[in-house]
Every structure is written in structure tokens, then in C-alpha cells.
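According to this note's numbering, the sequence shown is numbered sequentially starting from 293.
Honestly, the hints are just simulated from the structure, not real lab data. Note that CB positions come from ideal geometry on N, CA and C, so glycine has one too. Don't take every hint at face value.
Quick list of simulated restraints, FRET-style, between CB atoms [said to hold, decoys possible]:
no.: 1; residue 1: Ile304; residue 2: Pro338; range: 15 to 21 Å
no.: 2; residue 1: Pro344; residue 2: Ala306; range: 29 to 35 Å
no.: 3; residue 1: Gly298; residue 2: Pro326; range: 26 to 32 Å
no.: 4; residue 1: Gly296; residue 2: Ala317; range: 17 to 23 Å
no.: 5; residue 1: Pro326; residue 2: Gly296; range: 34 to 40 Å
no.: 6; residue 1: Ala302; residue 2: Asp343; range: 26 to 32 Å
no.: 7; residue 1: Ile297; residue 2: Leu328; range: 16 to 22 Å
no.: 8; residue 1: Ala317; residue 2: Ser342; range: 25 to 31 Å
no.: 9; residue 1: Leu328; residue 2: Lys300; range: 20 to 26 Å
no.: 10; residue 1: Asp343; residue 2: Thr315; range: 17 to 23 Å
no.: 11; residue 1: Asp325; residue 2: Ile304; range: 22 to 28 Å
no.: 12; residue 1: Val305; residue 2: Pro344; range: 19 to 25 Å
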Amino acid sequence: MEKGIGVKQAEIVACGSKSEDVTAALFFRWNFDPDLVHLIRFANEPEDASDPETQEMAKLPMKR
């Protein structure tokens with residue numbers, strides 16, 4: 293990793309997406325509950341979720 297580049301930015305540069313996006317896509321494909329998929333997608337950046345409920349739920353601690 294280049295000096296000053298964060299892990300998330302490195303993931304995007306190296307893989308084209310963030311790990312939580314890949315996880316959410318897999319969970320969606322495996323027919324997990326859509327609400328869970330939505331929470332996973334915004335787990336590391338809850339402020340990016342469009343609705344306040346998801347923003348608050350995504351702030352809850354999760355085991356990874």
C-alpha cells in the first residue's frame with residue numbers, strides 16, 4: 293500500500309470494490325434477508341445509507 297492510502301481505498305484500487313460490497317453481493321445471491329444485505333453494505337460507512345433507520349442500525353456493533 294502506498295503511504296497515506298487507507299485500507300478501503302486500497303481495496304477499491306486493487307479490486308474495484310470494498311469488501312462489504314462483495315459480502316453484501318454474495319449474501320444477496322444466497323438469498324439472505326434484504327435488510328441484512330443492506331446493513332452489511334453500509335456497516336463501515338453508515339452515514340452513506342439513504343435512510344435514517346439503516347444509518348442507525350449500521351452503527352450497531354457486529355461480529356465480523
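To see whether the hints hold, each was checked on the structure:
{"no.": "1", "hint": "Ile304 with Pro338: 15 to 21 Å", "result": "holds (18 Å)"}
{"no.": "2", "hint": "Pro344 with Ala306: 29 to 35 Å", "result": "holds (33 Å)"}
{"no.": "3", "hint": "Gly298 with Pro326: 26 to 32 Å", "result": "holds (29 Å)"}
{"no.": "4", "hint": "Gly296 with Ala317: 17 to 23 Å", "result": "violated (29 Å)"}
{"no.": "5", "hint": "Pro326 with Gly296: 34 to 40 Å", "result": "holds (37 Å)"}
{"no.": "6", "hint": "Ala302 with Asp343: 26 to 32 Å", "result": "holds (29 Å)"}
{"no.": "7", "hint": "Ile297 with Leu328: 16 to 22 Å", "result": "violated (30 Å)"}
{"no.": "8", "hint": "Ala317 with Ser342: 25 to 31 Å", "result": "violated (18 Å)"}
{"no.": "9", "hint": "Leu328 with Lys300: 20 to 26 Å", "result": "holds (21 Å)"}
{"no.": "10", "hint": "Asp343 with Thr315: 17 to 23 Å", "result": "holds (20 Å)"}
{"no.": "11", "hint": "Asp325 with Ile304: 22 to 28 Å", "result": "holds (27 Å)"}
{"no.": "12", "hint": "Val305 with Pro344: 19 to 25 Å", "result": "violated (31 Å)"}
Going down the numbered hints, you'll see the structure goes against 4, 7, 8, 12, while the others check out.
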